[in-house]
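S.K.: Chains as they are written, first to last, in our numbering: chain A, 351 to 411; chain B, 351 to 411; chain C, 351 to 411; chain D, 351 to 411; chain E, 351 to 411; chain F, 351 to 411.
Be aware that a few hints might be false.
No copy labels: a pair is met if it fits in one copy or bridges any two.
With a straight-line Cα cutoff of 25 Å, these simulated SDA-like cross-link-like pairs (lysine to any residue) come out [said to hold, decoys possible]:
{"no.": "1", "residue 1": "372", "residue 2": "410"}
{"no.": "2", "residue 1": "411", "residue 2": "392"}
{"no.": "3", "residue 1": "397", "residue 2": "411"}
{"no.": "4", "residue 1": "372", "residue 2": "397"}
{"no.": "5", "residue 1": "398", "residue 2": "411"}
{"no.": "6", "residue 1": "397", "residue 2": "386"}
{"no.": "7", "residue 1": "397", "residue 2": "362"}
{"no.": "8", "residue 1": "398", "residue 2": "364"}
{"no.": "9", "residue 1": "411", "residue 2": "395"}
{"no.": "10", "residue 1": "397", "residue 2": "384"}
{"no.": "11", "residue 1": "398", "residue 2": "387"}
{"no.": "12", "residue 1": "411", "residue 2": "369"}
{"no.": "13", "residue 1": "372", "residue 2": "404"}
{"no.": "14", "residue 1": "398", "residue 2": "410"}
{"no.": "15", "residue 1": "398", "residue 2": "368"}
In case anyone wonders, no lab produced these hints; they're calculated from the structure. Note that the structure is predicted; figures quoted are calculated from it, not measured.
Each chain, letter by letter, is given below.
There are 6 protein chains.
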Amino acid sequence: MPYVTVKMLEGRTDEQKQELCKRVTEAVSETTGAPLGNVHVIIEEMKKSDHSVGGIRSSDK
Amino acid sequence: MPYVTVKMLEGRTDEQKQELCKRVTEAVSETTGAPLGNVHVIIEEMKKSDHSVGGIRSSDK
Amino acid sequence: MPYVTVKMLEGRTDEQKQELCKRVTEAVSETTGAPLGNVHVIIEEMKKSDHSVGGIRSSDK
Amino acid sequence: MPYVTVKMLEGRTDEQKQELCKRVTEAVSETTGAPLGNVHVIIEEMKKSDHSVGGIRSSDK
Amino acid sequence: MPYVTVKMLEGRTDEQKQELCKRVTEAVSETTGAPLGNVHVIIEEMKKSDHSVGGIRSSDK
Amino acid sequence: MPYVTVKMLEGRTDEQKQELCKRVTEAVSETTGAPLGNVHVIIEEMKKSDHSVGGIRSSDK
Numbered sequence: 351m352p353y354v355t356v357k358m359l360e361g362r363t364d365e366q367k368q369e370l371c372k373r374v375t376e377a378v379s380e381t382t383g384a385p386l387g388n389v390h391v392i393i394e395e396m397k398k399s400d401h402s403v404g405g406i407r408s409s410d411k
Numbered sequence: 351m352p353y354v355t356v357k358m359l360e361g362r363t364d365e366q367k368q369e370l371c372k373r374v375t376e377a378v379s380e381t382t383g384a385p386l387g388n389v390h391v392i393i394e395e396m397k398k399s400d401h402s403v404g405g406i407r408s409s410d411k
Numbered sequence: 351m352p353y354v355t356v357k358m359l360e361g362r363t364d365e366q367k368q369e370l371c372k373r374v375t376e377a378v379s380e381t382t383g384a385p386l387g388n389v390h391v392i393i394e395e396m397k398k399s400d401h402s403v404g405g406i407r408s409s410d411k
Numbered sequence: 351m352p353y354v355t356v357k358m359l360e361g362r363t364d365e366q367k368q369e370l371c372k373r374v375t376e377a378v379s380e381t382t383g384a385p386l387g388n389v390h391v392i393i394e395e396m397k398k399s400d401h402s403v404g405g406i407r408s409s410d411k
Numbered sequence: 351m352p353y354v355t356v357k358m359l360e361g362r363t364d365e366q367k368q369e370l371c372k373r374v375t376e377a378v379s380e381t382t383g384a385p386l387g388n389v390h391v392i393i394e395e396m397k398k399s400d401h402s403v404g405g406i407r408s409s410d411k
Numbered sequence: 351m352p353y354v355t356v357k358m359l360e361g362r363t364d365e366q367k368q369e370l371c372k373r374v375t376e377a378v379s380e381t382t383g384a385p386l387g388n389v390h391v392i393i394e395e396m397k398k399s400d401h402s403v404g405g406i407r408s409s410d411k
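Okay, chain A solo, but in the shape it has when bound (with noise of 0.2 Å):
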């Protein structure tokens, strides 16, 4: 704990994935004091079709 979830798009590199999860480990225990080991991150890809904003799909633009 902190439980960070990271939703985006797939299609993101493997180094992008690994440079993600640094990252935002560091930015999570610098800013609210928790243990970089305590830092929890999970990333959950979305497909283009199951994704809108304003009712229009990524899939469909």
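Take the given structure of chain A and dock chains B, C, D, E and F to it, following the hints.
M.R.: Chains B, C, D, E and F only, in chain A's frame:
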């Protein structure tokens, strides 16, 4: 914002998903006053083997 | 099932919440074919101090 | 209602998932008083590349 | 990890919550093989006015 | 999009929350390539009585 997540069993067609995003966005905008463009919808599909009610999985019925 | 979660800033009236649950339930049922009675809606209210877009919190605007 | 979500790394067998839903449902019903039939359980599997603790991903260990 | 979230209507006693965390942790550990110490449980309480089934809120029944 | 949720125990100051939103937004934008303005962050605070690790609640330690 508002952010809407719809968790449902997998199996709907692409057209159903398209219509779902549109209609849910309208329903949220019209009842909360949030502009259409501010409403985000995310669909999360579940496998039957990963969902249960009363301890019995959808895949075991 | 389906399960719908609506995250939005606090401040809507009880009537707005009542109408939101009704209209979202209808939208989901009519587009996915799920019976009305199977649609669960959960409203999660956010404080302005706990929500940001572009790194700027709603409470700091 | 209650609604239970279990996020865990992918890789469990179908039997483990079946038993997990059953046992978690019983645990929730017996401690909260909610009827068994009202307890909904959703399993969400994570890839090792999408999960980190302390900034290090499960796939990088 | 695993991470368990239990969403339920507010109103349970502190003892019920204590027992819920214990029993759910045991159920998850014993069925998935995850060590007890790795199981995280989060309780999220809902107001009756923020929850509906079939379009009718728990507070309107 | 991306959407980031940070679940943590209650008790941080308003300044900590402000800095958390800023730093997490930067971390996500810089590693995923998503424009800063597209990154949404939601903080969800937990009570000690509603969180456990290894079956023992934070409030019972």
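S.K.: All hints, please: hold or fail.
M.R.: Against the structure, the hints come out as follows:
no., hint, in the structure
1, 372 <-> 410, "between (33 Å within a copy, 12 Å between copies)"
2, 411 <-> 392, "between (27 Å within a copy, 16 Å between copies)"
3, 397 <-> 411, "within (13 Å within a copy, 27 Å between copies)"
4, 372 <-> 397, "both (24 Å within a copy, 17 Å between copies)"
5, 398 <-> 411, "within (10 Å within a copy, 30 Å between copies)"
6, 397 <-> 386, "between (30 Å within a copy, 21 Å between copies)"
7, 397 <-> 362, "both (12 Å within a copy, 14 Å between copies)"
8, 398 <-> 364, "both (19 Å within a copy, 11 Å between copies)"
9, 411 <-> 395, "both (19 Å within a copy, 21 Å between copies)"
10, 397 <-> 384, "between (32 Å within a copy, 16 Å between copies)"
11, 398 <-> 387, "between (33 Å within a copy, 17 Å between copies)"
12, 411 <-> 369, "between (29 Å within a copy, 15 Å between copies)"
13, 372 <-> 404, "between (32 Å within a copy, 8 Å between copies)"
14, 398 <-> 410, "within (8 Å within a copy, 27 Å between copies)"
15, 398 <-> 368, "both (22 Å within a copy, 11 Å between copies)"
In this structure, none of the earlier numbered hints is contradicted; all agree with it.
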